[in-house]
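So the sequences go chain by chain: F and C. For what it's worth, the numbering used here labels the leading residue of the first sequence as 8, then goes sequentially. For what it's worth, the numbering used here labels the leading residue of the second sequence as 8, then goes sequentially.
Incorrect hints may have been included.
[Said to hold, decoys possible] Listed next, with one range per pair, are the computed distances between beta-carbon atoms: (1) F:216 - C:171: 28 to 38 angstroms; (2) C:74 - F:127: 39 to 49 angstroms; (3) C:344 - F:34: 27 to 37 angstroms; (4) F:343 - C:201: 55 to 65 angstroms; (5) C:276 - F:262: 49 to 59 angstroms; (6) C:31 - F:172: 52 to 62 angstroms; (7) C:131 - F:28: 51 to 61 angstroms; (8) C:336 - F:14: 55 to 65 angstroms; (9) C:232 - F:14: 45 to 55 angstroms; (10) F:32 - C:202: 49 to 59 angstroms; (11) C:72 - F:315: 55 to 65 angstroms.
[To be verified] If you want the ones that stay clear, here's a sample from chain F, every Cβ over 12 angstroms from chain C, calculated: (12) 27; (13) 67; (14) 144; (15) 149; (16) 152; (17) 215; (18) 235; (19) 271; (20) 315; (21) 322.
[Said to hold, decoys possible] Per the computed footprint, the stretches of chain F lying under chain C, defined by three or more beta-carbons under 8 angstroms from a beta-carbon of chain C, are: (22) 68 to 77; (23) 130 to 140.
If you're looking for bench data, these hints aren't it; they were derived computationally from the structure. Think of the CB as a built atom: it goes at the ideal place given N, C-alpha and C, for glycine as much as any other residue.
Protein chains: 2
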Amino acid sequence: MSDTKKRTELHELGRYRLLERLSEGLDPCNRTTAMGLGHDASAMAPTKRRVVMASGLMLEGIHFNLTYFPLKHLGYKSLIAQLGRIYAMNAEPQQAQVALGVSGRFGVEELEELVGGVRLAASRYGVDLVGLDVSSSYTGLTVGVGAQGQCDARELVGRSGAREHQLLCVTGALGAAYMGQQLLERERRVFEANPYAQPQLEGHSYLLERILKPELRGCVAVLAELRQRGLRPTAMTLVNEGLASALLHICQRSGVGCRVYADRIPVDAHAAALAEELRIDPLTAAMNGGEDYELLFSVPVKAHQEVASVEGVSVVGHLTDAGAGAYMVPPHGDELRITAQGWNAIVPGGAD
Amino acid sequence: MSDTKKRTELHELGRYRLLERLSEGLDPCNRTTAMGLGHDASAMAPTKRRVVMASGLMLEGIHFNLTYFPLKHLGYKSLIAQLGRIYAMNAEPQQAQVALGVSGRFGVEELEELVGGVRLAASRYGVDLVGLDVSSSYTGLTVGVGAQGQCDARELVGRSGAREHQLLCVTGALGAAYMGQQLLERERRVFEANPYAQPQLEGHSYLLERILKPELRGCVAVLAELRQRGLRPTAMTLVNEGLASALLHICQRSGVGCRVYADRIPVDAHAAALAEELRIDPLTAAMNGGEDYELLFSVPVKAHQEVASVEGVSVVGHLTDAGAGAYMVPPHGDELRITAQGWNAIVPGGAD
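Whole structure, please, built from the sequences with the hints as guidance.
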């Protein structure tokens, strides 16, 4: 928060003028938006297709730490998180709504930064921001985001359609956001011990970008390619809390088990290099890290060659019957049971 | 929070088992729910109609104070708040999503209480709970709720359709929730000064219910009656932050002014009685109070007789051109300009 910029206190504007200011120029561009900002709710004009909704919270100290998280990036990422869940249903996001809980320590310009990030992400992904609300908060900053999208009924993919013998595939590479988070946390500890210390973040811009300003372009490209090839995933989920959680989501909801081969898991090269330096197992970053915003999906065995040839897709294992459990198979040694993260490990800097 | 009940710590269950437990028996009952809980997002199968969405946050210390707000009521009310906004678009709510931010001071049973309230409201209003998420919070309890509904395209009503000379109507009676809030705040102050003091709440159960467990039945009945009579409001909004804010929402979005007659504003009788006792102007409770969950709407002048004969509807004034401003007309004396509440007054116990 730079103090050289003009700062308008929230009470100077009042809530309605603040919302007006944050909404400036937000005209609908998605053809399905029938009524956007300024009414009690927003309205969409769907075709005969499926409407898909997702919503979630970003809480200060839990999902982000403002000592290193720029507000604009926070806005950007909070929308990406929900758009990712819409894409994970094989649908196209179309509208989004944002509700903020803020205290007086934020000025209007800072909220404009935050909403600016949301707006940037919305415009990049062709989504209309149709709801915007601000209320007071006694404590931390709260960002609530809801997103809505559509797809043809026959394109809709949930977590429950995976069957024994089918293949498990992952988009992109995993672990970069987790290692970026480690870097930021390390610097935060250094800074707290010595406020004059200079951040040691050079050479790590890629990892930092993966945690601070994640993108979904890779997912979107893979989904488009699969659609073009007539390859519909049988089950799919967003990898946003580590691959282990994503695998267990699909196994549990589909009533299957899985075998995932450690040497086929696409660990991000930058992440692997830093993990080695920091003596962290790169597979831990991929399995239990989180916030990769990549997709885990299953396809029938007969699609093996086809799916393996799609750029940005790795076949990492297969599904078994439920009784066989969910295990990771290392190149040597015993299979390792895949476990869900506990309450504390769910989110970076997880709380009590 | 009774300490005689069994308390399961959140970490004993872990997040997934907690969500499972909170989701038990939540099978879809609304015919438009295509995929509910357990996927990345939820999916609806709309007809060719309009899809309507609303979402918002309830923050501890701002929207509720747990010293007097039972968790079950809080869950109930947090859903009602968003269903009200769907009804205010003249649509039928169908699905809802809840995201909680909680700290370790809550046990599993307490979250079950909270979600139990959401579930009760959902079942009473025929709504499916299709999304449920919990994350850690360092500080206060956060409840994020999104709701979705539908209506025929020609039934959709926003805030922007009101025109000069049209009539302004209000459902139900106003001010009861505000006076209930005053009672609770008074008791909280007494309790903080003397923890052995007995609450003085006898005889006020109606006012307390209006703040702690509001209903939308009155609104729903009026909307059904208007539809049956072929009377579509030209503009409509939820009265959830006082009548003054609702009036200004419609005036601003429709580009009109208004005259509202003080003696036609339906002040709740219980609220008026207590207001007199506490030396509060009953009109203040109605105009600036909030959380009434009633509807303000406009209709063409020619509908005057028809709308005035609908049970639970009061015609309170009319719309003027924008230049004439928004004013309340008292029985005697000068017109009073209707002003928006400031930042601090927006919510009960509003924060910095």
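Query - Unsatisfied constraints (hint numbers, rising) - result: 1, 6, 7, 8, 12, 13, 14, 15, 16
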